[in-house]
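Residue numbers (the UniProt record's numbering), protein chains in the order written: chain W, 1 to 93; chain Y, 1 to 93; chain L, 1 to 93; chain C, 1 to 93; chain H, 1 to 93; chain V, 1 to 93; chain U, 1 to 93; chain P, 1 to 93; chain B, 1 to 93; chain S, 1 to 93.
Note that these hints are calculated values from the structure, not bench results. Quantities reported herein were computed from a predicted structural model and do not represent experimental measurements. Cβ atoms here follow ideal geometry from the backbone N, Cα and C, with glycine treated the same way. Hints should not be assumed to be uniformly reliable.
[Stated by the list, open to error] The following label-pair restraints were derived from C-beta to C-beta distances:
#, chain 1, residue 1, chain 2, residue 2, range
1, V, R48, S, N47, 57 to 65 angstroms
2, Y, E50, W, D13, 25 to 33 angstroms
3, P, D13, B, E26, 35 to 43 angstroms
4, V, R48, B, Q80, 54 to 62 angstroms
[Unchecked claim] Covered stretches of chain P (chain V as the covering partner; in silico rule of three or more C-beta atoms under 8 angstroms from a C-beta of chain V):
#, segment
5, 46–55
6, 73–84
10 protein chains.
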Amino acid sequence: MITAIVLIKTSVDRIPEIAESIAALENVSEVYSVTGTYDLIALVRVNRHENLADIIPGRISKIPGVKATDTHVAFRTYSQHDLEAAFAIGLDA
Amino acid sequence: MITAIVLIKTSVDRIPEIAESIAALENVSEVYSVTGTYDLIALVRVNRHENLADIIPGRISKIPGVKATDTHVAFRTYSQHDLEAAFAIGLDA
Amino acid sequence: MITAIVLIKTSVDRIPEIAESIAALENVSEVYSVTGTYDLIALVRVNRHENLADIIPGRISKIPGVKATDTHVAFRTYSQHDLEAAFAIGLDA
Amino acid sequence: MITAIVLIKTSVDRIPEIAESIAALENVSEVYSVTGTYDLIALVRVNRHENLADIIPGRISKIPGVKATDTHVAFRTYSQHDLEAAFAIGLDA
Amino acid sequence: MITAIVLIKTSVDRIPEIAESIAALENVSEVYSVTGTYDLIALVRVNRHENLADIIPGRISKIPGVKATDTHVAFRTYSQHDLEAAFAIGLDA
Amino acid sequence: MITAIVLIKTSVDRIPEIAESIAALENVSEVYSVTGTYDLIALVRVNRHENLADIIPGRISKIPGVKATDTHVAFRTYSQHDLEAAFAIGLDA
Amino acid sequence: MITAIVLIKTSVDRIPEIAESIAALENVSEVYSVTGTYDLIALVRVNRHENLADIIPGRISKIPGVKATDTHVAFRTYSQHDLEAAFAIGLDA
Amino acid sequence: MITAIVLIKTSVDRIPEIAESIAALENVSEVYSVTGTYDLIALVRVNRHENLADIIPGRISKIPGVKATDTHVAFRTYSQHDLEAAFAIGLDA
Amino acid sequence: MITAIVLIKTSVDRIPEIAESIAALENVSEVYSVTGTYDLIALVRVNRHENLADIIPGRISKIPGVKATDTHVAFRTYSQHDLEAAFAIGLDA
Amino acid sequence: MITAIVLIKTSVDRIPEIAESIAALENVSEVYSVTGTYDLIALVRVNRHENLADIIPGRISKIPGVKATDTHVAFRTYSQHDLEAAFAIGLDA
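If we strip away everything but chain W, and leave its shape as in the complex, we get (with noise of 0.2 angstroms):
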C-alpha cells in the first residue's frame, strides 16, 4: 500500500463543504480540517503509484473550492498497527 498526504489550501469560507467532497473520493482514508496554513490534509492510500495521478492531480485538485496542493508521498511506513488491514476495504485501485 503506497500512502500520500496531501496539504490543501481551499477558499477559507467554504473549508467544511470541500472536505466532505474530498472524502467521498475512492482511495482517500480521511481528511482533516486543521490548525495551521493548511486548511485541510488528506491521506490517499492506493496500491499502485500510478493511481497517484488519477487521485490528485485527476481528482482532488479539479474539486471547486481547492486552491493548492502540497502533496508528500511515503517512501516507507512505519507502524504497530496493521494498516493494510484496518484500509484493506474500499482500496480497489
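Following the hints, put chains Y, L, C, H, V, U, P, B and S in place on chain W, whose structure we already have.
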C-alpha cells in the same frame, strides 16, 4: 478520537532510524518518511486533548535528531472508514 | 479549558470592523488588532476540543473580509492566573 | 492595559521547561505550548508602553533556550469580557 | 514619544502618489519610497499608545492603493539626537 | 540628505547592548528595539551616497552580535517636517 | 548539450492538460506532474545556450494556464548514462 | 556612478516585450530575461542618488505588466574594468 | 518506471565532488550542478515505488556534505521520447 | 557573451574583503556590495556556457566566507550599449 498530523525535520542522515523511534511511542499510529521539504510525517491519535502535550512536545520533540516539528491538529475528521475501530488497539491515553 | 490562538489576515481596509464581528462570536474571549504581518489575533477558549471546528473554520473563516487564518492550538497552559475563573463567564460550549 | 502576543521559538527538546520560566516572569499573564511552526505563545500585559522593553527583549529573550521571538503588540482590544478586571491581579508595571 | 516603523506594500504603479497621501496624515513624521521588497516605509510618532490604532489600521491601511502593512513598534529608542525636540512640532495625539 | 532604514537581526539575548553600540556610530540618527521578526531598526542619514558603504557593511555589520542586516535605501523622502534641519547636527559624512 | 530543469506552477485544475501542451514543444525532453509545491517539472535540452530563451520565456511561459516558472540551468552534468545519445533524437536547436 | 540592480517580476506571458520597454529607458544600461524566480534583472546606472527615484518607482514600476520590483542599490563597486568609461555613453542623469 | 526529481542543498564549497558521489549511486540517472537556490538536482529512476526509500533517505541523504533534500515524485510522465528505453541500462531495482 | 547574475550571502562581518577576492577572479566583470537581504551581487560574463561551472560552483562558492549563492543566468540580453565591446577586455574563457 483527536488526530494530530506532525510534520517533522530531522538530521538529514538518520531519517529511517528516527522514524523507528517515533513509531514505537504510544499513541503514534503511523510514521512516514516522505518526499518534500519535511523528512517525516507522524499521525498521533489520542482520546483526550491534554494527552497531545505529553506525546508531541513531551516525547517526539525530545528524540535525538528531531530538529523541528510543525503540528496540525484536526478540528474535524471526514472519512468513509470507521477510524475509531481501525485504531482502537493500543489507544490507552 | 482548551485555548486556540488564531492569527488572521483580513482585507486591509476593514480591520476594525472585522475585529468587532469576530469579538461578538461565542467562545471568542479577546480579539486584538496587531502590529506585524497579521492584522488580527483572536483567542478562542472552549471546554471541548470538538467545538473548535464550529468556531474557527465554521464561523470565523466565514466572516466577510477574513482572507486567511493560521490557528495555533495550545497543548498546555502555563500561568500564575486562574484563567478558568477569569474566563468562566460565557463559555457555554 | 497594553497587550503583546509574543510568538517564541525555543530549543526543540526543552519546550515545557522554558514555558515554566517565562510564565514565572512579572506581567506575563499566560504562556501556551502550541501547534504550528512556533513552540510557545506568551501574552504580556502591561500598563505603560515603556515596560514592554524590560519584559520582552529585556527578559524573555534572555532566557536560555529562547532562539527567536516575534512580538505582535495590540493596537486595540475587542472583547465581551472585562479583561482589565480579569488580569488586574499582579500587574504592577 | 512612541515610534512605529510601518513597512508598506502598494500598487506597483502609484508609489509616489500614495507616499504623498500618507505623509499628509497627522503624526506621520516621514515617508520614504525605498529599495527592496517593500515600496514605502513610514515613521509614525505618537505620545500615547492608543493613538497608533487610529493612524495605522484606522487611516494608513484605508488609503486606496495600500495593499499590506507590516508595523514594527519601538520598545525603546537609542539616539544621540533629542528626537522629542526634533519632532515636537505637530505631534498633537 | 540620503536616508537608509536598516533592519537588523542580532543575537537574541543581547538586543539592548547591541542597540547602544550602533546608536553611538556616526551618521546613525536613531536605533529602535522593535516588535516583529527583526530585533533592531536603525536610521542612517548621510550627505553622500558613498558614505553608506563605510557605515553599513563597513561598521554596523562588523559589530559583534549582529547576525544579518537588510537595508532599504530611500529613493525619495516625503515629510511635513524639515528633516534636514532636524538632523543637521552631527552629519559630518 | 545544455539541460534546464523548469519548475512550473499552473492553474490547479488543468495540470494534466498543460503537461501535454508543454511536452509537445520542441526540445522539451520530459514533463512530469509532481508532488510538492510545484505542479509540473519539465526538462529542456538544447545544443546552444541562446535557444533556452525561445523555449522557456518564449514558449513555455506563454502557454495558457502557466502561472509561474522557476528555471534551474545546469552548470555541469554528471551521469553514468550517455545522455547525449539517449536524447539525440529531436534535438534540432 | 551609482548602480542599482533591479529584480523584476512581470506577467508571465509578456517577458520579452516588457524587457524591450525597460531597456529603452534612459539610464538603464542592461536588462536580462533570467532563470530563477524573477523574470527580468535590470541594471540602472546614474550619476546622482536622486535620479534613482525617477527611473525605478517613477518609470520602471509604471510599465504595464511589471508586477513587483526588488531593488538592490550598490554601496560600493569592485571591478577590474573601468565601468565608468564602459558606460559613459548615454548617462545624462 | 517511476521518476523522482531530488533538489539538493550541499556544503557550498564541495558541490562538484558531492555531485560525483551521488551520480555513482545505482538508479541515479543524472545529476546536475545548477543555478538558483539549490546546488544540485538529481533524477532517480526506479521500477518499484519501494526502492525510492533505499536510494533517497537511505543513500543520497547520508552522503557527507548533503544538507537537505526536497524530493518531487512524478505522478505521471509526458514525453515524445521512449524514456524507458533511453534509461533501460542499469535499472536493476 | 553569456551573463550570469550571482546573488551572494557572506559572513556578515567580512563583506568588503570577500568582494575584493571575487572581483579578482577571471570573467567576473563587476561585484557590488548591496542593500537588501543579499550581501554581494557579482556579474560573470563568459563566451561559452561550460565556463560558468568553473567560475561559480568551481571558484566563487569555494572562497572562504561565501555562505550561499543564487545564480540567475541570462536567457537574453536587451541593451542600448554594445556590452560585448564594453567587456571585451579580459574575457579569455
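The hint says 25 to 33 angstroms between Y/E50 and W/D13; measuring C-beta to C-beta, is that right?
holds, 31 angstroms
Between the segment 73–84 of chain P and chain V, are there enough contacts, at least three residues with CB-CB distance under 8 angstroms, for the coverage claim to hold?
holds (count 3)
Has the hinted range 35 to 43 angstroms been met by the Cβ atoms of P/D13 and B/E26?
holds, 42 angstroms
At the C-beta level, are V/R48 and B/Q80 separated by a distance inside 54 to 62 angstroms?
Because 59 angstroms falls inside the window, the suggested range holds.
When I compare C-beta atoms, does the segment 46–55 of chain P have three or more residues closer than 8 angstroms to chain V?
holds (count 4)
Are V/R48 and S/N47 spaced within 57 to 65 angstroms by their CB atoms?
violated, 38 angstroms
When held up to the earlier numbered hints, the structure conflicts with hint 1 and nothing else.
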